[in-house]
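Q: These protein sequence lines are chains A and B, in that order. Read in order, the letters of the first sequence are residues 1 to 293 in the working numbering. Read in order, the letters of the second sequence are residues 1001 to 1293 in the working numbering.
Please keep in mind that the hints were generated in silico from the structure rather than gathered at the bench. Keep in mind it's a predicted model, so treat the numbers as computed, not measured. A couple of the hints might just be wrong.
[To be verified] Far from chain A, by Cβ distances over 10 Å, these chain B residues were calculated:
{"hint": "1", "residue": "1022"}
{"hint": "2", "residue": "1023"}
{"hint": "3", "residue": "1060"}
{"hint": "4", "residue": "1115"}
{"hint": "5", "residue": "1117"}
{"hint": "6", "residue": "1151"}
{"hint": "7", "residue": "1158"}
{"hint": "8", "residue": "1187"}
{"hint": "9", "residue": "1225"}
{"hint": "10", "residue": "1264"}
{"hint": "11", "residue": "1276"}
{"hint": "12", "residue": "1283"}
[What the hints assert, rightly or not] Quick list of the computed label-pair ranges, beta carbon to beta carbon:
{"hint": "13", "chain 1": "A", "residue 1": "154", "chain 2": "B", "residue 2": "1024", "range": "24 to 30 Å"}
{"hint": "14", "chain 1": "B", "residue 1": "1170", "chain 2": "A", "residue 2": "154", "range": "54 to 60 Å"}
{"hint": "15", "chain 1": "B", "residue 1": "1286", "chain 2": "A", "residue 2": "143", "range": "47 to 53 Å"}
{"hint": "16", "chain 1": "B", "residue 1": "1285", "chain 2": "A", "residue 2": "98", "range": "28 to 34 Å"}
{"hint": "17", "chain 1": "B", "residue 1": "1254", "chain 2": "A", "residue 2": "10", "range": "38 to 44 Å"}
Glycine is no exception: its CB is placed at the ideal position from the N, C-alpha and C atoms.
Protein chains: 2
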Amino acid sequence: MKLSELGEDAVVAQLTRSLRLDRRVELGAGDDCAVVETTGGLQLLKSDCIIEGVHFSPAADPKWIGWKAMCRSISDIAAMGGKPLDALVTLAVCPETEFTWLKRVYLGLQTAAKSYAVNLVGGETAKSPGPIFLSVAMTGMVKDGRYASRSGGQKGDLLYVTGRLGGSIAGRHLRFHPRVAEARWLVQRFPVHAMMDLSDGLASDLPRLARASRVGFEVDLANLPLHRGCSRENGLQDGEDYELLFAVPPTAKRKLEAEWWTTFPKLRLTAIGRLVENGVSQFIGKGYDHFAR
Amino acid sequence: MKLSELGEDAVVAQLTRSLRLDRRVELGAGDDCAVVETTGGLQLLKSDCIIEGVHFSPAADPKWIGWKAMCRSISDIAAMGGKPLDALVTLAVCPETEFTWLKRVYLGLQTAAKSYAVNLVGGETAKSPGPIFLSVAMTGMVKDGRYASRSGGQKGDLLYVTGRLGGSIAGRHLRFHPRVAEARWLVQRFPVHAMMDLSDGLASDLPRLARASRVGFEVDLANLPLHRGCSRENGLQDGEDYELLFAVPPTAKRKLEAEWWTTFPKLRLTAIGRLVENGVSQFIGKGYDHFAR
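Model the full structure from these sequences, guided by the hints.
A: Quick look at the structure:
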């Protein structure tokens, strides 16, 4: 059945009926706003979006489209060392869309929300005369005021990345796992000077971290952790790895590497380079620019 | 100059350079997330969107496109009796868009944010191969736990609307003023059983309020406050009035009407009907359905 046959209210009612909500949520989807209990302190806020033909192919499994939309915003909360809490979904679709397709997008959104203990508390549904548009806004919290921005990196810091890089277009760009537990563990136990998630590729994202921190960078190109079959250029430029990139002082190296292996034995951690004096960055190519032709 | 000539980072840097932020904001646009100070208690969350060709014409003044996007979400916070706090903007545009056009959209977003003391703290910018998409996610707070949902209406309650209805397509749909002060005043001084903002027209929105409250409704059709030149059908079905619709017990009538006129002398308040027993609603036509053909 098509959305135009069901009508807006029935579509929204069916999609939001079985949403997982914890006790913090006083009022979920269906009213003008959601109402949630907050504890005070520092809150994280981020919105992101994925668009048909840009971030996913129309032929992709809609469950993984929903998963990706939710996990991109979760990954941004992770990138600060935060815990994701509540999500709002804004969806624009053609009225001729099949309801079964949309239900599977919601299955993906809900599966991701459940995996990361996120409440899907509402949003908006509208018709689009063009490509499908799916935006997720996310709130998160920070423990004891500790979070990692992009701007605290210092000359001499070591640069690490989690996991492996490159080749996400083969499928990982849809099915990745945001590094929430890893990032929280890092900011709570180590002096993480700067951190971000790798969404546009190391060649775009590392210069952003360095620019925000007013330092330069060097990368040990021979040391990049690459996915099987990927070249160094794939690792630098492909994007959508959603791994963590972070900077810690060299004094943290020994303890960090020892404890990482025992805490996250299945996820690789690699020292890939260091922050250096401002103005002397190595050229590592260009990553993804959303507006480039 | 086109966005594709400037590149993503330069576009975002220029757009977010002069954003108004109050002292609650520890970190604004430019990092993975915004970081804001929260006080604890009940938080309101809402996201909304407007799409080129659906919610605005490509020929519209971009300043008012930005104003509308921001004010729709503010209006949802108002509809609960809340105070809007922080906004995230998610924007998808064609890379061939002129930067001057986009700067004017941001002028509208910022003007609205300033008018309602909202912090624009971040979001996301992406390329769209189709129509322009502009989504605003908003947080808000509630004083002393008092807010009005749609679902508390009771049989016998009187129904009121603020302002006048109908004919918004002539321009008010872009340039409206969310009723934040009025709604906060209402929930703090009167037993508002249910409230919402009128976005899809009284004929769509009143049945939603009644359904959420499990009651019916009656409207004094001769009593609808209409904009000049509007018919009763315009008042019921046009949508995008962004006025408040609310239900209070009849015992509140005298004090409410007397104090309203002295507090908001320039804004009309009209008793338009009442909530009745479930199942006996009057038929008042059909309002806007986003998915209807």
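Q: Are any of the numbered hints broken by this structure? If so, which, sorted upward?
A: Result: hint 6 breaks, nothing else.
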